[in-house]
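Participant: Chains as they are written, first to last, in numbering that gives the first Met the number 0: chain E, 0 to 325; chain C, 0 to 283.
These are calculated hints, taken from the structure and not from any lab test. Some hints here could point you the wrong way.
[Said to hold, decoys possible] Here are a few chain E residues that sit away from chain C, every Cβ distance over 10 Å (derived from the structure): (1) A98; (2) R291; (3) E301.
[Stated by the list, open to error] Distance condition first, Cα-Cα at most 20 Å in a straight line; then the derived EDC-like pairs of lysine to aspartate or glutamate: (4) C:K171 to E:D170; (5) E:K197 to E:D170; (6) E:K57 to C:D275.
All values derive from a computational prediction rather than experimental measurement. For each residue, glycine too, the CB sits at the ideal point set by N, CA and C.
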Amino acid sequence: MLLEVNDLRVSYHTDEGVVRAVDGITLSLDRRETLAVVGESGSGKSTLALAVIGLLPKTARVEGSIRFLDRELTTLREEEFRRLRGDRITIVFQEPMTALNPVFTIGRFMRDIYLTHREGSEEEALSLAREWLSKVKVPGPEKVLNSYPHELSGGMRQRVLIASSLMLEPDLVIMDEPTSALDVSVQAQILRLIAELKSQVDASFIFITHNLGVAAAVGDRVAVMYAGKVVETASKREIFSNPLHPYTKGLLKAVPKVSGGEVEPIPGTVPSLVNPPSGCRFHPRCPLADGRCAEEEPALTEVEPGHWVACHRVSGMGSGPGTGGE
Amino acid sequence: MLMELDPSTRRTLRRALRNRNIRVGGVIVAAFVLMGLLAPFIAPYDPTKGNLRDSLLPPCPKYPFGTDFAGRDILSRVIWGARTSLIVSTVSVFIAVVAGILVGGLSAYVGGWIDEVVTRIVDVMLSFPDILLALFVAAIVGPGLENVIVAVALYNFPQFVRIMRGSALQVKEMEYVEAARAIGESNASIFARYLLPNSLAPIVVHATLRTAASILTAAGLSFLGLGVQPPIPEWGQMMSDARTYLVTAPHVWVFPGIALFITVLGFNLLGDGLNDVLNPKMEV
């Protein structure tokens with residue numbers, strides 16, 4: 000296993016109370032595997048990403064364990080973590096318009112990444128940068144190297160950031176909604192590019208998105224998050240052909256399809272993380288909820304090999320009562 | 000030469016040159032700087048040596064601006080006075096800017112109780128009316144060129160701390176700062192290469208405006224006898240000397256007064272113009 004997250008909890012103390020942004024997440028990632036983490040805003044998916052790369056604000060309290068390359072990241076000294084970041088673990092942020100320092104050229108930015116982590120000359124750094132810019136299909140890499148961020152479009156900047164995240168051949172690449180800020184047509188291009196690059200590199204990916212369609216395009220495995228918890232995880236094929244958790248089903252129904260058909264929004268809103276609902280956190284919005292759901296928290300259980308669900312109405316009942324919903 | 004610059008710099012430059020405030024202010028400031036730098040070559044007389052027989056002469060062909068009570072050429076003293084003002088204002092503003100950037104930037108970047116303490120101290124310093132703080136310092140350390148520089152620097156310092164802190168707080172939240180952390184940059188590197196350069200625009204504008212204010216303050220201190228001491232020619236002190244002959248020989252104070260007025264105006268115009276050009280809201 001490249002990455003093993005065990006009962007990870009991240010909480011913030013605020014004036015309103017303790018916000019449990021991530022509340023007991025367990026997941027693992029194999030080498031070369033891509034895990035798509037899907038959830039609404041506020042489900043804790045970005046907090047999970049920041050916890051893995053060690054960029055949570057100082058006010059965050061982290062419990063549980065994150066093991067990466069046989070090292071415990073939650074207790075790693077900042078100095079050592081810094082050496083991992085940008086080298087073994089990289090991240091691509093959502094907003095390509097602001098993720099690049101406006102005063103540096105692209106060439107200087109990429110060169111700096113290389114020189115921060117490798118002994119080498121500037122020429123080596125720039126030739127590697129050039130090579131990666133052509134791999135992400137940036138037209139005219141040489142010109143882009145000499146450009147400032149504001150001279151490039153959003154899609155082009157995101158390509159630059161993707162190239163930068165892969166340049167040092169990391170073990171783990173986190174993509175935090177890398178296409179959400181882009182135009183739809185550009186989104187498709189970038190997704191295709193990411194899918195293509197995945198086969199060329201040795202890295203594992205955590206792909207964070209609120210869009211199941213995007214998860215389907217890039218993920219090998221999908222984890223669905225709700226209110227700080229993973230409610231269902233399975234292979235991509237399994238999640239789309241046999242979704243078990245009512246929330247996953249709801250998400251699938253809420254996606255508009257080209258073939259038409261009603262879009263059914265999930266009623267209600269994401270619960271507060273300061274004072275989450277008792278029992279199963281989804282029960283106030285769940286069409287199948289019964290008395291037990293409001294009292295007892297369902298555990299994530301393996302209902303089929305590799306398919307884990309946290310739902311009282313599903314666990315232990317094989318494919319569950321609500322399978323006909325799709 | 001313009002062609003060698005990248006397009007955005009060229010665009011900014013072109014916009015700067017189209018701005019009337021920058022053009023007028025720039026010419027005045029350039030003239031003032033040249034006058035200060037070239038004083039030994041363009042001043043017709045020695046500004047410190049007078050000819051008592053020519054005392055208090057009104058403007059005439061021999062002395063275009065007339066002479067003062069000691070028979071010193073006022074034109075030469077105005078020219079040399081530019082050099083004094085240039086030294087006092089640029090050195091003091093430079094010290095204040097460097098110190099302000101470091102203190103304000105670090106305060107914003109580190110945050111916590113350090114930021115709290117710095118902010119309170121700066122608030123206290125800012126609560127003094129402009130010249131009072133400089134006056135206070137000058138009164139303690141005594142008059143003299145170096146002391147005026149220190150006094151004026153100290154009175155500019157808190158303003159730069161505040162501006163830099165505000166600007167850095169904003170930049171600190173930018174995603175590229177987090178991205179810098181994500182690629183393994185150290186704190187020192189993030190501070191020096193991400194935070195500082197991106198926080199500087201408002202500092203540039205304010206430095207120009209403070210140069211004008213500093214010239215005025217230095218002149219004010221000298222006028223009160225707490226600044227540059229004779230025989231070094233200084234506009235404020237020249238006007239102070241002229242008080243006795245306010246009506247009988249007005250040329251003694253009129254010329255340094257006009258020089259002071261035009262110079263301060265020039266810096267203010269330039270600062271306003273830079274503000275228009277560098278203000279990010281004007282972009283796009």
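Participant: Hints first: check each against the structure and report whether it holds.
Facilitator: Structure-based check of each hint:
Non-interface call for A98 of chain E relative to chain C: violated, since the shortest CB-CB distance, roughly 5 Å, does not exceed 10 Å. Annotated as non-interface, R291 of chain E keeps its C-beta farther than 10 Å from every C-beta of chain C; the closest such distance is 42 Å. In this structure E301 of chain E is separated from chain C by more than 10 Å, as the shortest Cβ-Cβ distance comes to about 34 Å. Note on K171 of chain C and D170 of chain E: the hinted pairing is violated, with a Cα-Cα distance of about 29 Å set against a maximum of 20 Å.
For the hint pairing K197 of chain E with D170 of chain E, the CA-to-CA distance comes to about 12 Å; that is within 20 Å, so the pair holds. For the hint pairing K57 of chain E with D275 of chain C, the CA-to-CA distance comes to about 38 Å; that exceeds 20 Å, so the pair is violated.
In terms of the numbered hints stated before, the structure departs from hints 1, 4 and 6, listed from lowest to highest.
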